[in-house]
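Position in the sequence shown (from 1) plus 679 gives the number in the working numbering.
Just so you know, the hints here were simulated from the structure itself, not pulled from any lab data. Glycine included, every Cβ here is placed at the ideal spot set by N, Cα and C. One thing to keep in mind: the hints can contain errors.
[Unchecked claim] 30 Å max Cα-Cα, derived DSSO-like pairs, lysine-lysine:
1) LYS981 x LYS947
2) LYS754 x LYS769
3) LYS886 x LYS697
4) LYS886 x LYS931
5) LYS981 x LYS996
6) LYS802 x LYS835
7) LYS820 x LYS996
8) LYS708 x LYS685
9) LYS697 x LYS817
10) LYS769 x LYS708
11) LYS820 x LYS708
[Said to hold, decoys possible] Restraint ranges, calculated between C-beta atoms of paired labels, are given here:
12) VAL974 x LYS835: 21 to 27 Å
13) ASP978 x LYS696: 41 to 47 Å
14) THR747 x LYS769: 50 to 56 Å
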Amino acid sequence: MKFCKKYQEYMQEQHLKKLPGVGFKKLKKILNKCRRGVDQSRNDEIVLFHNELTTSSCPHQCPVCDGTFFPSLLKEMSDVVCCFNERAQKLMEVHLATGFRKYFIWCKDKSHGNHITLVQEGKALVTYAMINAMAIRKILKKYDKIHFSNQGQAFKSHVQSLHIEILQSPWLCELIAFHINLRAGKAKANKFPSLFEGCSLVFNDQKPSLSCQLLDSIKLDIDLTCSICLDTVFDPVALSCGHIFCYMCSCKAASVTIVDGLKAADHKEKCPLCREAGVYEGSVHLDELNILLSVSCPDYWKERLHTEKAERLQQAKEYWELQCSAFMGV
């Protein structure tokens, strides 16, 4: 079955859940019209060298290049990633809830508090993210093929800078860690269905990464080494650009204390890795990944916890001493 038909059938199934998608069929029709225009223009031109043809952009005026294709795709991608992030965040909040909040959720919606239901929702969300990522990749590849250009790849880089690339979502990382944590417990593995197959925590030269084979042609590898301390991320946090750091390392990079937190970071502060500004305000604590790494690296985690506990206490002490001095007018 062709992907377009497969994607249309899948999105029709998601219609009742009100999940937005990529207008793959509509965009494909736009590109088919563009192809006819391009083919006609080629018939009117004499092309001397094949290399000149393959490096040229879309000839003459084209409704695709004039703004029909990319604005439409940009809006659809934004809707998809926003929907995915909101639903994944809500799912993880329910899963990680404890005490009175957990009891309140269970009383409010018993089906939502059901663990098997959460796992099924997680699987559905991952499938939704991956099939839309594949649809976006295929339609951009078709655009570049028709236009003999790299504009599709350039557009992909552009949406990454806008934080609407779904494979960059920190909540996808959380769902993968959620699955591995469920699978790790033998009792849970026998009792509850897994999210998806082919994902694991991998160590290469003692450097960890999340590896996940999703669908048939998408493989996701997430590096879990903090590029600041060059060690396994501890108390991990994902910035809005998608890069993952230790929480304390990211606070130092943002020139804020752990008491103030990353939300207090100046908008001009940049990611230490990609140098993009304004990425701290939308940061996400990766609680499920934190659980996974603490179980997978117990000795390292115990040592790092001891070290950071002393440093955090020192920072908190200095912070409150400054606050008291300011209050007393010293």
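Now for the hints, and whether the structure bears them out:
1. Annotation: proposed proximity of LYS981 to LYS947 is violated, straight-line Cα distance about 35 Å (limit 30 Å).
2. Of the supplied pair hints, the one linking LYS754 and LYS769 holds, its CA atoms being roughly 23 Å apart against a limit of 30 Å.
3. Restraint check for LYS886 and LYS697: not satisfied, since their Cα atoms lie roughly 40 Å apart, outside the 30 Å limit.
4. About 22 Å separates the Cα atoms of LYS886 and LYS931, which keeps this hinted pair within 30 Å; it holds.
5. For the hint linking LYS981 to LYS996, the alpha-carbon distance of about 23 Å falls within 30 Å, and the restraint holds.
6. The straight-line distance between the Cα atoms of LYS802 and LYS835 is roughly 26 Å, inside the 30 Å bound, and the hint therefore holds.
7. Straight-line distance between C-alpha atoms of LYS820 and LYS996 comes to about 55 Å, which puts the hinted pair past the 30 Å bound.
8. With a C-alpha separation of about 16 Å, the suggested pairing of LYS708 with LYS685 holds against the 30 Å cut-off.
9. Using a Cα cut-off of 30 Å, the hinted pair LYS697 and LYS817 holds, with the two alpha carbons roughly 23 Å apart.
10. For the hint linking LYS769 to LYS708, the alpha-carbon distance of about 36 Å lies beyond 30 Å, and the restraint is violated.
11. Taken as a hint, the LYS820 and LYS708 pair is honoured in the structure, with Cα atoms around 15 Å apart against an allowance of 30 Å.
12. The hinted range of 21 to 27 Å is not satisfied by VAL974 and LYS835, whose Cβ atoms lie roughly 35 Å apart.
13. The hint said 41 to 47 Å for the Cβ distance between ASP978 and LYS696, and at roughly 44 Å that hint holds.
14. The hint said 50 to 56 Å for the Cβ distance between THR747 and LYS769, and at roughly 34 Å that hint is violated.
When the structure is compared with the earlier hints, violations turn up for hints 1, 3, 7, 10, 12 and 14 and for no others.
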